[in-house]
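Go by the hints and put chain B onto chain A.
In the order they appear, the protein sequences are chains A and B. My numbering numbers the first residue of the first sequence as 545 and each following residue consecutively. My numbering numbers the first residue of the second sequence as 545 and each following residue consecutively.
Misleading hints may appear alongside valid ones.
Repeated chains share a single entry, so a pair holds when one copy, or any two copies, can fit it.
Below, a list of computed lysine to any residue pairs in the SDA-like style, where the Cα atoms sit at most 20 Å apart [said to hold, decoys possible]:
no.: 1; residue 1: Lys923; residue 2: Ile984
no.: 2; residue 1: Lys699; residue 2: Arg725
no.: 3; residue 1: Lys923; residue 2: Asn839
no.: 4; residue 1: Lys699; residue 2: Val728
no.: 5; residue 1: Lys699; residue 2: Glu726
no.: 6; residue 1: Lys644; residue 2: Leu665
no.: 7; residue 1: Lys699; residue 2: Met660
no.: 8; residue 1: Lys923; residue 2: Gln842
If you're looking for bench data, these hints aren't it; they were derived computationally from the structure.
There are 2 protein chains.
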Amino acid sequence: MGLDTLYDLVDNNDVPGMKRWLDEHPPHVIADELGRSEAITAVLLFRLLDKDHALAVFEELDPVDQQKVLSGLRDRAFHDLVEAMDPDDRARLLGEAPAKFARRVLAGLSEEQRTMTARLLGYEDGTVGRFMSPQVLVVRSDVSAEQALRSVREKGEDAETIYTLPVVDHSRRIRGVVTLRELVLSPPGTSVSELANDDIPTARATDDAEAAARLMQDANLLALTVVDSEDRVIGVLTIDDAFEVIEAADTEDVARQSATTPWSGHYMAVSVVQLARSRLPWLLLLIVAAVLTVNVLQAFEQDLEAVVGLALFIPLLIGTGGNTGAQAATAAVRALAVGELRTGDVLRVAFRESRVGLLIGTALAVVGLVVGALLAGVKIALAVALSLVAICVWAAIIGGTMPLVAKRMGIDPAVVSAPLVTTLVDATGLIIYFLIARAIL
Amino acid sequence: MGLDTLYDLVDNNDVPGMKRWLDEHPPHVIADELGRSEAITAVLLFRLLDKDHALAVFEELDPVDQQKVLSGLRDRAFHDLVEAMDPDDRARLLGEAPAKFARRVLAGLSEEQRTMTARLLGYEDGTVGRFMSPQVLVVRSDVSAEQALRSVREKGEDAETIYTLPVVDHSRRIRGVVTLRELVLSPPGTSVSELANDDIPTARATDDAEAAARLMQDANLLALTVVDSEDRVIGVLTIDDAFEVIEAADTEDVARQSATTPWSGHYMAVSVVQLARSRLPWLLLLIVAAVLTVNVLQAFEQDLEAVVGLALFIPLLIGTGGNTGAQAATAAVRALAVGELRTGDVLRVAFRESRVGLLIGTALAVVGLVVGALLAGVKIALAVALSLVAICVWAAIIGGTMPLVAKRMGIDPAVVSAPLVTTLVDATGLIIYFLIARAIL
Numbered sequence: 545m546g547l548d549t550l551y552d553l554v555d556n557n558d559v560p561g562m563k564r565w566l567d568e569h570p571p572h573v574i575a576d577e578l579g580r581s582e583a584i585t586a587v588l589l590f591r592l593l594d595k596d597h598a599l600a601v602f603e604e605l606d607p608v609d610q611q612k613v614l615s616g617l618r619d620r621a622f623h624d625l626v627e628a629m630d631p632d633d634r635a636r637l638l639g640e641a642p643a644k645f646a647r648r649v650l651a652g653l654s655e656e657q658r659t660m661t662a663r664l665l666g667y668e669d670g671t672v673g674r675f676m677s678p679q680v681l682v683v684r685s686d687v688s689a690e691q692a693l694r695s696v697r698e699k700g701e702d703a704e705t706i707y708t709l710p711v712v713d714h715s716r717r718i719r720g721v722v723t724l725r726e727l728v729l730s731p732p733g734t735s736v737s738e739l740a741n742d743d744i745p746t747a748r749a750t751d752d753a754e755a756a757a758r759l760m761q762d763a764n765l766l767a768l769t770v771v772d773s774e775d776r777v778i779g780v781l782t783i784d785d786a787f788e789v790i791e792a793a794d795t796e797d798v799a800r801q802s803a804t805t806p807w808s809g810h811y812m813a814v815s816v817v818q819l820a821r822s823r824l825p826w827l828l829l830l831i832v833a834a835v836l837t838v839n840v841l842q843a844f845e846q847d848l849e850a851v852v853g854l855a856l857f858i859p860l861l862i863g864t865g866g867n868t869g870a871q872a873a874t875a876a877v878r879a880l881a882v883g884e885l886r887t888g889d890v891l892r893v894a895f896r897e898s899r900v901g902l903l904i905g906t907a908l909a910v911v912g913l914v915v916g917a918l919l920a921g922v923k924i925a926l927a928v929a930l931s932l933v934a935i936c937v938w939a940a941i942i943g944g945t946m947p948l949v950a951k952r953m954g955i956d957p958a959v960v961s962a963p964l965v966t967t968l969v970d971a972t973g974l975i976i977y978f979l980i981a982r983a984i985l
Numbered sequence: 545m546g547l548d549t550l551y552d553l554v555d556n557n558d559v560p561g562m563k564r565w566l567d568e569h570p571p572h573v574i575a576d577e578l579g580r581s582e583a584i585t586a587v588l589l590f591r592l593l594d595k596d597h598a599l600a601v602f603e604e605l606d607p608v609d610q611q612k613v614l615s616g617l618r619d620r621a622f623h624d625l626v627e628a629m630d631p632d633d634r635a636r637l638l639g640e641a642p643a644k645f646a647r648r649v650l651a652g653l654s655e656e657q658r659t660m661t662a663r664l665l666g667y668e669d670g671t672v673g674r675f676m677s678p679q680v681l682v683v684r685s686d687v688s689a690e691q692a693l694r695s696v697r698e699k700g701e702d703a704e705t706i707y708t709l710p711v712v713d714h715s716r717r718i719r720g721v722v723t724l725r726e727l728v729l730s731p732p733g734t735s736v737s738e739l740a741n742d743d744i745p746t747a748r749a750t751d752d753a754e755a756a757a758r759l760m761q762d763a764n765l766l767a768l769t770v771v772d773s774e775d776r777v778i779g780v781l782t783i784d785d786a787f788e789v790i791e792a793a794d795t796e797d798v799a800r801q802s803a804t805t806p807w808s809g810h811y812m813a814v815s816v817v818q819l820a821r822s823r824l825p826w827l828l829l830l831i832v833a834a835v836l837t838v839n840v841l842q843a844f845e846q847d848l849e850a851v852v853g854l855a856l857f858i859p860l861l862i863g864t865g866g867n868t869g870a871q872a873a874t875a876a877v878r879a880l881a882v883g884e885l886r887t888g889d890v891l892r893v894a895f896r897e898s899r900v901g902l903l904i905g906t907a908l909a910v911v912g913l914v915v916g917a918l919l920a921g922v923k924i925a926l927a928v929a930l931s932l933v934a935i936c937v938w939a940a941i942i943g944g945t946m947p948l949v950a951k952r953m954g955i956d957p958a959v960v961s962a963p964l965v966t967t968l969v970d971a972t973g974l975i976i977y978f979l980i981a982r983a984i985l
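The following block holds chain A by itself, in its conformation from the complex (with noise of 0.2 Å):
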């Protein structure tokens, strides 16, 4: 209910109640409502609301819609907030941005920020150090966890986070971890080099985020510590910002495997055009592809006029190739990413969807035999089943492979998705269907 007053309320020009609603809603909904707004009126509602609330809105903003909502800012007001920013995430906007509105960006910024967030934005796009803090808190080994926390106390008021504390020796070396946890509950006394644990994982600066992320899932940690190649503690990745990375990334594969270029931002937001733009190029090539299926027909076209029967299943054939086929790439694409599969298993996952195909085959034979037969005689009905057998067993095992294959060779597993498995099995299933047909007719 209190969404579709806040349209009225925009659509009405009511101030008033647009300031009203705007006490009334938490940081994170009132981001999300600018998400999905037109820029015009997400700078409107921005500008109406008070310095701190802005700040803490404008935090929980994806970076297209920072940039988005800081474009419509006069200069006063652009330069507190980007000031304002964390470096790592002024960094990852200053990343998506175009070059004019970055120049802005970092000719308002004081000395520190500005090299802070220049040397974050040194680390490719998609790296660790595009998303870690610089502003880790360390602690000393030789120290005690009172010493520790006193520390922390001093120094913590800046830092990303207090909860996760990389253990240092005199040189900024990572010597293990301590957590707050760890040096609250212990008795004061304990030592530090006691207390930190050198089993858990750490990260260098330019490994790539995902994989850094979805390590913090896998060991449960609320923050992976980030070395440079000296195993000197640079920096802190946050389990906010794995989360953010691995959602980034799942949003991005369920896109290409649905063969759509991804796209940042608001799915509300993003113009027409740009959403054509993300699915066009993917279309065109396969259609181009899907061009072999008119090849094929072509080849059979005697076939297809001596028995127009044979062309009603020609639908109902490719697009259970097609589906099986999407099946086994999904589950392969997935597997992948969540660290279930490696590009080593191709062979086993072969015969493993070989199984599983024949199994499936079988069944929707059955059910071609039955529906062939009553609609278009016994011959057809035969060909059709058997055809189900053979696609359903290729499908899955090209749906299946295809994924691996292509990772192995340095592709994203996502692009070799659900509609490009489709285009292939289909051309192939329609010569094995022809091919059984003309034996048996």
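Quick look at chain B alone, frame taken from chain A:
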């Protein structure tokens, strides 16, 4: 390399080698390997772990894998492990286990642990109650930060987390939330009621777990306080559990979107029959739906007999329609899952997608016109091109809106997935094609 080695070691039954391998790897890596292994191997490896290591590995396993390992253990080891589990993990294990196994677990538990577990099991599957920990540490609102810290030290040992502390009144009713960070960084005399933030969301134990987990992610919370119907604190949902809930929900969505019933367990460990069973019912449904396409083609059989060339483009047209529909459906399902879309958006989505479909269809029509003219003459080419435009608009609208309609009807939107949309668009697309062809030829 280390991984191939483990397989080799198992194949060669090299027990000292396996022990060495287990010693050298962290718990989450070992858990991953156990998850991939068949039951006999998993139990064999698990038994080789020393006791402390065994518990750490066990806690990293998924419930299905925990059951797999436990089933192979003797009573003593079985009960030690089960007793040592966190109540929420135990409830999750029992929630998925067969009755006989569950009885064996409960029989060996201490009174206290049994009561805690039974209480969690009283909540429905998929609710917050199933994932929360009842071991929540609260602080009273009328104490100082220093006193609160002291009570954390005294009672924190068994608490699920000490980083997020619900602030309660004398009858355990929630008054806000204070973080350990605030307690540590504030002057010792500050009162907790002053530090407490009452703007932080909470959840009911009967709430949907996925919604609660996504809320935590939106609001960047490390832990979510769980309250009963009278706002009394009864538990806490931590970020690692929330992460698991979201990952499981995403994996389920991905499976459903490819018309597969979600199965729990590791892709490589689940049996071929189980895989086939998770896919076959949907394929049966889809093939029955696909009989529609046979009927449609039969209705237009005279047109096909008159111009066999029309048949050549059937796979290309329905393939493109299916892909366009799948793109829109996938985008809509994902946007719903991450909260970017609401069911009330259906008309706006239909309007957006119709424009996207028009843009895409027009571009593809150009390709269709050229390919069609080269392979089958101008008239058929024209029919193909016009059909592409109409089918793309139609498929984008159906794909974009069906998930929203499903959600409004209380059906999981992921079920109204790419394959279902594709199959529906197949039949209607053929009607569009033949009606256009009839008008032109």
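For Lys699 and Val728, with the copy left unspecified, which applies at a CA distance of at most 20 Å: within, between, both, or neither? Cα proximity of Lys699 and Val728: in one copy and across copies (16 Å, 11 Å).
At most 20 Å between CA atoms: does that hold for Lys699 and Met660 within a copy, between copies, both, or neither? So Lys699 and Met660 pass the 20 Å test inside one copy only (18 Å; across, 40 Å).
Alpha-carbon proximity context of Lys923 and Gln842, limit 20 Å: The answer is between: 17 Å across copies meets 20 Å, while 22 Å in one copy does not.
How would you classify Lys644 and Leu665 at a CA-CA limit of 20 Å: within, between, both, or neither? Within. Shortest intra-copy distance 16 Å satisfies the 20 Å Cα cut-off; inter-copy 57 Å does not.
Should Lys923 paired with Ile984 be assigned to within, between, both, or neither, using CA atoms and 20 Å as the limit? within (7 Å within a copy, 34 Å between copies)
At most 20 Å between C-alpha atoms: does Lys923 with Asn839 qualify within a copy, between copies, both, or neither? between (25 Å within a copy, 18 Å between copies)
Checking an output row: Lys699 and Glu726, CA cutoff 20 Å. Within, between, both or neither? both (18 Å within a copy, 13 Å between copies)
One pair to classify: Lys699 and Arg725, alpha carbons no more than 20 Å apart. Within, between, both, or neither? both (17 Å within a copy, 12 Å between copies)
The structure shown violates none of the earlier numbered hints.
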